[in-house]
Amino acid sequence: MVRIGPMASPVSSPDFTLTRRELMTAIGAAALCPVWPATGSAQGRTAVALQAKADRLALRPGGPETPVVSLAGGELRFKRGETLEVSFGNELAVGATLDCRGLDGVPAAQPLISRAPIVPGAKDTFQLPLRHAGTFLCEPCLLGDGSLQARPRALIVTGNSPVALDRDEIVLIEEWRLRADGTPVPPGSDPKDTTPIHTFNGKSSFELSAPANARLRLRFINGSQRSVLAVKLENIDTRVMAIDGQPAEPFPARNGALVLAPGSRTDVFVDAVGPAGTSFLILLHDGKQARPVGKLTVSGEPPLRPAPFPPAPPLPGNDLPAQLDLKAAARFDLALGAPADWVQPAEFKPSSAPAFQAKAGRPVVLALANRATVATVFHLHGHHFRLLDRLDDGWKPFWLDTLAIEPGQTQRVAFLAEYPGRYLIEQVATDWAAPRLLRWYSVQ
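Numbering (my numbering), first residue to last: 49 to 492.
These are calculated hints, taken from the structure and not from any lab test.
Predicted, not measured: the structure shown is a model, and the values here were computed from it.
Treat the hints with care, since some could be wrong.
[Claimed, not checked] Simulated pairs of lysine-lysine, DSBU-like, Cα-Cα distance not exceeding 30 angstroms:
#, residue 1, residue 2
1, K251, K343
2, K336, K240
3, K240, K101
4, K407, K375
5, K171, K240
6, K336, K127
7, K101, K397
8, K171, K101
9, K240, K127
10, K407, K397
11, K240, K251
12, K444, K407
13, K336, K251
14, K375, K444
15, K171, K375
16, K444, K336
17, K127, K101
18, K251, K101
[Unchecked claim] Ranges between beta-carbon positions, derived for each pair:
#, residue 1, residue 2, range
19, S327, E395, 15 to 21 angstroms
20, T206, A102, 30 to 36 angstroms
21, Y467, A212, 30 to 36 angstroms
22, F380, L352, 49 to 55 angstroms
23, S257, V422, 37 to 43 angstroms
24, S209, L352, 20 to 26 angstroms
25, G325, P300, 22 to 28 angstroms
26, Y467, G325, 49 to 55 angstroms
Every residue gets a Cβ at the ideal spot worked out from N, C-alpha and C, and that includes glycine.
Start from the sequences, fold in the hints, and give me the full structure.
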């Protein structure tokens, strides 16, 4: 049985050509691994101090540094089952919130619903139970004049079962729009007379070397606020292992290409094969053109083993439901791109009416109709969802928390309303000037 992954690009030619529509519709289908037995969980509480603060980043060689907002603090790498005691401080001149993308079932940490915006100079404390292992994202979200662009940070939660790996690397891709004088235009503002620039872990390229036959886990994250991006690793077997923080049955990325909606994450395994000096190009496609942005090189060190590892088994599962009873599901229609009922973060009120209310333990089906003239990205807080087949008689075998929807299309998604509480829903058009829009839903 041939499986096609949701992050696998439809690229067929070696020069990595893509139309915008191909880039948008490449979020297709993958196979989720079978449900594994529950694993033991790490116990204990860990104190984590984070601060939203003004920073500067060199985005252009020889040019002035660009003012940005960073999320300062120690390494964000923990074990499944831990509970984080988070202290979030705002050292900016405008209000800020902390959004932890992809963490299911933590209503007490929901920004704007449970956690009010933090005024300048203040702090907030809350708990984050880490229910699932995977790749997640933390970002300071600004309220105010939007004069600076905030940088997200990866949050890595490891499982409690060993995985055969030699390296584990984050590849955080960010997009910037700069004026000629080097000042940034933040998302939600008109990008006229700006140049798009991409960074990789804060640098202009991503260079990596490893001994022959080393196995690497690369956690690709689209930290762009508005753009769907594609990444291709040329001439190397690229095995998708997890999507949006949830394990997948391993499958090869088509032609080594991954397509990532804003905020989405894809974990892959690659093996450094070949003699010393062998290089594998990494290409980035922004919907208009592809360009080299880095490479993986086989180093001159002795090989780590006589031959590469055999194909990897699935990562340990996170105990998501194996089945959803669609016949018993509560069904709701949700229009995207329509301004009615959707508001920008600075205007959001927890007292507003919910988009829908679901009973705990019951499946939910959402019909997402994109009425905008451009592709729109939908993000569900609190739960991961399945993408349903067009005939609504089954689902694609993968889990997501983010979905890009073409203009004029309707997609249906389903999830189990497992965690009582109130959670945000987000939408944003794939247009740099488009505002981020919010509603909320409840599970009772």
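Taking the numbered hints from earlier one at a time, note which ones the structure violates and give those numbers from smallest to largest. Going through the list in order, the structure violates hints 5, 6, 9, 15 and 19 and respects the others.
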